[in-house]
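Respectively, the protein sequence lines represent chains D and U.
Once you know that position 225 of the first sequence is 225 in our numbering, the rest is easy, because the numbers rise by one and skip nothing.
Each position in the second sequence, counted from 1, maps to that position plus 1000 in our numbering.
Be aware that one or more of the hints could be misleading.
[To be verified] Cβ-Cβ distance ranges computed for the label pairs, FRET-style:
(1) D:Asn86 x U:Tyr1132: 18 to 26 Å
(2) D:Lys150 x U:Met1314: 55 to 63 Å
(3) U:Met1314 x D:Asn86: 31 to 39 Å
(4) U:Asp1005 x D:Asn5: 54 to 62 Å
(5) U:Gly1326 x D:Glu2: 45 to 53 Å
(6) D:Ile246 x U:Ile1135: 31 to 39 Å
(7) D:Asn151 x U:Ile1135: 52 to 60 Å
[As the list claims (entries may be wrong)] Not close to chain U: a few residues of chain D, all C-beta gaps over 10 Å, as computed:
(8) Gly14
(9) Glu92
(10) Phe100
(11) Gly251
Source of the hints: derived by calculation from the structure; they are not laboratory data.
Where a beta carbon is used, it is the ideal one built from N, C-alpha and C, also for glycine.
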Amino acid sequence: MELLNTSNITMKFGGLTAVKELNLEINKGEIVALIGPNGAGKTTAFNMITGVYAPTSGRIFLGESDITGAKPHLITKKGLARTFQNIRLFKELSVLDNVFIANHLHLKSNIFEAVLHLPRYKKEKKSILEKSLFLLEKLDLLSFKEDKAKNLPYGMQRRLEIARALATNPQILLLDEPAAGMNPRETDNLTSFIKDIRDEFELTIFLIEHHMSVVMGISDRIYVLDHGVTIAVGNPYEIQNDQRVIEAYLGVSEDA
Amino acid sequence: MKKRDIILTIISISVLILFLMFANSRFDSYQIRILNLCAIYTILGLSMNLINGFTGLFSLGHAGFMAIGAYVTALLTMPAAVKNQNFFLQPIVPWLENVTVPFLPALLIGGIMAAILAFIIGAPVLRLRGDYLAIATLGFSEIIRIVFTNTQNITNGALGLKSIPNTTNLWWSFGLAALTIIFMLSLINSSYGKALKAIREDEIAAESMGIGLFRHKMLAFVIGAFFAGVGGGLLGNLLGAINPVMFRFILTFNVLLIIVLGGMGSITGTVISAFVVTSGLEYLRVLDESINLGFVRLPGIPGLRMVVFSSLLMIVVIFFRNGLMGTNEFSWDGLFALLRKRPSFLKREVGR
């Protein structure tokens, strides 16, 4: 079943076409990667899907609903969560609060119920707290729950970002370079970790990544962008042997 | 809460009430007035801290909201005879002349009017960020003041209002300050309060975690304006006379001073700082007068105390950017930890 679908989305910044006619089809339960050299337009594509930019043209569908140009918080509410290339945690807040806040979008109590601690809010707060602690435990962050997010080691900050994204109850999770800045051992762990959370939370995962070991190890399918244009789509084996992809990454020999 | 903490809290509240009773009967009116001002500035500081400290919006429109609260409360509590005495240039509009309501509803209406105006102002300005928001809110606050100066038959224009009933007393000011503290604590620790703090920490991340930026900023702005209006109402009925000049930028600056010194994002810091700054501003009036040191006579320079406070603000901003409390809050555990740590040299002395 198709979960995320973009049809011919294009993003122009003045005269520069950052992404040109990108067509993504991501099915439920898949792990799909978006790769390409630096400046290929990967993050721009992410920003269009998550609502940071409204595409210049084209449409984006999440399940049945058209989310083209919708505000980021409404897209998140519809079940699409993301992490950031350069970690964006709520640095001065505790690890637990970081996850707690990501539950706020599903809160039904209004502000008066919350301030006056009325029964509905109390009940909701209790279940949010339980869920947050459960997520922290799943991601091995429970012992740090009172620490400020900025004091966590780098790898754990990445994990906390994922925990926070999971707390919004997403159907699809967008990971922007989850392995950036990780050492080889952490990268190996990440591969199995992403598969684990996909199975555990019944997710669909769409990620941007530069570490080819991660991409080839977990992706069901791969999209390759170069200068905003989709140059290849296929499974890891097909991509590894695609002449245009090799050229995009390694350059073309002068006398070829 | 632990049992010990509950007992300690009850004891401190009782001590505070006893102190207020003592102050009410023994202090002279000047001292009582300073105490009232301290409590009112606590309300004003907390309301501004919600907007600036907890939500991270750089708003400078506080004086405008206070002006609305002060005028609405004053006009609603003044008897018709007093109103007619005040409005000798142009008579007051008839629909306001005979309206007189008790103090509490008048305060609430003042707060609600300020909140409504914040809602109207917020719709355009809360789309701005940082310095732009500061300039826009500052502009709106000035606009309110100018409007009040020119609506002769509603606000009595530049003449201001005099003989406002002096309803504000220690019970009103401290009671409402306490309610404000409880409200803010409860709000800040709720899911909504955490969402506001998330916006302060990182707008982009907060938005992609599903927090509607505009709605939540508006929430903080409107609630902040409501309490600013209530504080303004208390202030007007404490001083007994208000005029548009009172609500210039300097008033916003005083409240800003309180929250920066106390710590942006700390309720405890704001409360302590409100008391220190307000009483400081009064008791340092000595500096404005000439000082006789016996051998030399220093001439009085009006406004010297503001120089002292401005320097203090500069020192805080340069060396102690987080203010007195940073984003920390008071807790009995914290206090005991501090007491155990601090007088360690005293303990050693005793042991020797």
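Cross-check of the supplied hints:
At about 25 Å, the CB distance of Asn86 (chain D) to Tyr1132 (chain U) agrees with the hint of 18 to 26 Å. Look at Lys150 (chain D) against Met1314 (chain U): about 27 Å separates their beta carbons, and that is not inside 55 to 63 Å. The beta-carbon spacing between Met1314 (chain U) and Asn86 (chain D), approximately 33 Å, falls within the hinted interval of 31 to 39 Å. In this structure the supplied range 54 to 62 Å holds for Asp1005 (chain U) paired with Asn5 (chain D), their Cβ-Cβ distance being about 56 Å.
Between Gly1326 (chain U) and Glu2 (chain D) the Cβ separation comes to about 49 Å, which falls inside the hinted range of 45 to 53 Å. Between Ile246 (chain D) and Ile1135 (chain U), the C-beta spacing of about 54 Å breaks the proposed range 31 to 39 Å. Asn151 (chain D) and Ile1135 (chain U) have their C-beta atoms about 36 Å apart, which leaves the hinted 52 to 60 Å range violated. In this structure Gly14 (chain D) is separated from chain U by more than 10 Å, as the shortest Cβ-Cβ distance comes to about 22 Å.
Under the 10 Å C-beta cut-off, the non-interface status given to Glu92 (chain D) relative to chain U is violated; the minimum distance is some 6 Å. Residue placement check: Phe100 (chain D) does not keep its beta carbon more than 10 Å from all beta carbons of chain U (closest about 6 Å). With a least CB separation of 34 Å from chain U, Gly251 (chain D) remains clear of the 10 Å interface cut-off, as annotated.
When each numbered hint is compared with the structure, violations occur for hints 2, 6, 7, 9, 10.
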